[in-house]
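This is what each chain is made of:
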Amino acid sequence: MKRTGVPRTGIRIGIVIQSLSVLALFVFVNYLSFQHFYRGDFSRSQKFALAEQTKRVLRELKKPVTLTVIASPTFVSAASQILGDVKSLLAELQFSGRERVVVELVDPTRNLTRMRELQEKYKFNSADNLLILDYDGRTRLLPLADMADFDFRPVAQGGEPRLLAFRGEQAITGALIALVRPGASGLLYAGPWRARSRCWFPRRPPC
Amino acid sequence: MRRFFTLFGREVAGSFHQPMAWIVLCFFLVITGFNFHAGVTLLNGSSGSTTMVEAFFNTVYFWFPFLLVFPMITMRVFAEEVKMGTIEMLMTAPVRDIEVVLAKYFGALFFYIVLWLPSALYFVVFQMVTDVSAGGAAGSYLGACAMVVLLGMFYCSVGCLASALTDNQIVAAVMAFAAILFMFFLGLISLLLPGGGAFVREIVYFFSPVQHMMDFSRGLIDTRPIAFYLSATALVLFATYQVFQHRRWKS
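Line order of the protein sequences matches chains P and H. Under this note's numbering, think of the first position of the first sequence as 381, with each following residue one higher. Under this note's numbering, think of the first position of the second sequence as 3, with each following residue one higher.
Think of the hints as simulated: they come from the structure by calculation, not from any bench. Incorrect hints may have been included.
[Claimed, not checked] Distance condition first, Cα-Cα at most 25 Å in a straight line; then the derived DMTMM-like pairs of lysine to aspartate or glutamate:
no. : chain 1 : residue 1 : chain 2 : residue 2
1   : P       : K467      : P       : E497
2   : P       : K427      : H       : D133
3   : P       : K442      : P       : D516
4   : P       : K443      : H       : E204
5   : P       : K501      : P       : D531
6   : P       : K467      : H       : D133
7   : P       : K427      : H       : E204
8   : H       : K85       : H       : E13
9   : P       : K435      : H       : E204
10  : P       : K442      : P       : E484
11  : P       : K442      : H       : D133
12  : P       : K435      : P       : E497
13  : P       : K503      : P       : D526
14  : P       : K501      : P       : E484
15  : P       : K427      : P       : D526
16  : P       : K443      : P       : E432
17  : P       : K443      : P       : E479
18  : P       : K442      : P       : E432
Here the structure is a predicted model, which is why all the values come from computation and not from measurement.
Based on the sequences and whatever the hints tell you, model everything.
Take a look at the structure:
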């Protein structure tokens, strides 16, 4: 007698093929989105958008540049106010520079061993809010306090210094140019700093 | 489409007839209210450039109820139908399986969006009382809202899959919570691998809801998380559909 039941084997094969196809499509879509993505700054201040000059400097990097931030949120310092902005800026530099920008955050209150290593390597004594740029054996030390303008008048009344402007990108790009082109002048910027950045990031080179 | 909307309406009505829905709504409002208060306190004490939207969407008080709410919303979606024996009615009704799965999914998503609606008032009140923009720019509001919806879409689909896999609501909730928590912590691997290269960093960013929410609430819009959450939602819904269909072939 001929069987007239549900063709289970056929259904199973169909489901396996469907599942593999959907999985392959998922991987393909995410691979494409990972390779070609768009990152735009829609914030009011545009402070997360990198200037064209910064991107140009990042493109010029032949070797990875290491940016080491030595800071702790527990430090009582005016620079602690801009720690979040500094971290955001470094993240944007990483997104733009990709494998050419290496960022390390060191909290001296938590990682004393690493702090000592850095002090020995870069020969500095201060443990307070510092950015070290290391490119091809050349180094620059930037105090975080130099990356912003503060109004210190409230300190006289027992208050905290008031942040007036964050100039982190300017300071870091200036230091990067000095490292990449050792003979270049310190005066670097003529264009607007908050130029709107909306571009497609190909895998290589970064825009 | 008419059948889908009938099922969707039934699902939404069913959600609001459950006491659990109102408990979840109250629990969620209390914790988000507390989160908002914590955000205001933080802004009062800081002189940095953090906005209210950033302070609200990037704290542990935000993530705690956020991750907990999905198992509660979705645990009953399929498991209850199986337990009550109404799943057979659904499977023999003149509706397609995909319509059932999508109606249940969108019903859960609708409830999730309703959960968030009262929280939008916080920012309106904040702006009216302080005369300070809560987000700084429309990009921050839209980015944060977009990420809340995208994460909600994905986690609701995970919850629906967990509910379709078992007949027990508690087991469904535990499975959904474990899966969501696993994906949440996957994005925190960078804390364990601080020395990872650019590729590891970008892969971790790809899966990190904390990073995504941080960026989007600042107004930084990245297409990678959008593509990831939409495609992952579609993938998980496809798996849910297959699990739902499996019951038909099994019987």
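Hint check:
1. P:K467 - P:E497: holds, 22 Å
2. P:K427 - H:D133: holds, 22 Å
3. P:K442 - P:D516: holds, 9 Å
4. P:K443 - H:E204: holds, 19 Å
5. P:K501 - P:D531: The hint is violated at about 34 Å.
6. P:K467 - H:D133: Between P:K467 and H:D133 the Cα gap is close to 29 Å, so the pair fails against 25 Å, i.e. violated.
7. P:K427 - H:E204: Holds - the C-alpha atoms of H:E204 and P:K427 are around 22 Å apart, at most 25 Å.
8. H:K85 - H:E13: holds, 16 Å
9. P:K435 - H:E204: holds, 18 Å
10. P:K442 - P:E484: holds, 19 Å
11. P:K442 - H:D133: The given pair, whose Cα atoms are some 49 Å apart, is violated under the 25 Å limit.
12. P:K435 - P:E497: Violated - the C-alpha atoms of P:E497 and P:K435 are around 31 Å apart, more than 25 Å.
13. P:K503 - P:D526: Measuring from Cα to Cα gives roughly 20 Å; hence the hint holds.
14. P:K501 - P:E484: Distance ~15 Å between P:K501 and P:E484 Cα, so the pair holds.
15. P:K427 - P:D526: holds, 17 Å
16. P:K443 - P:E432: holds, 20 Å
17. P:K443 - P:E479: Cα-Cα ~9 Å, so holds.
18. P:K442 - P:E432: holds, 18 Å
Violated hints for the displayed structure, listed by number in ascending order: 5, 6, 11, 12.
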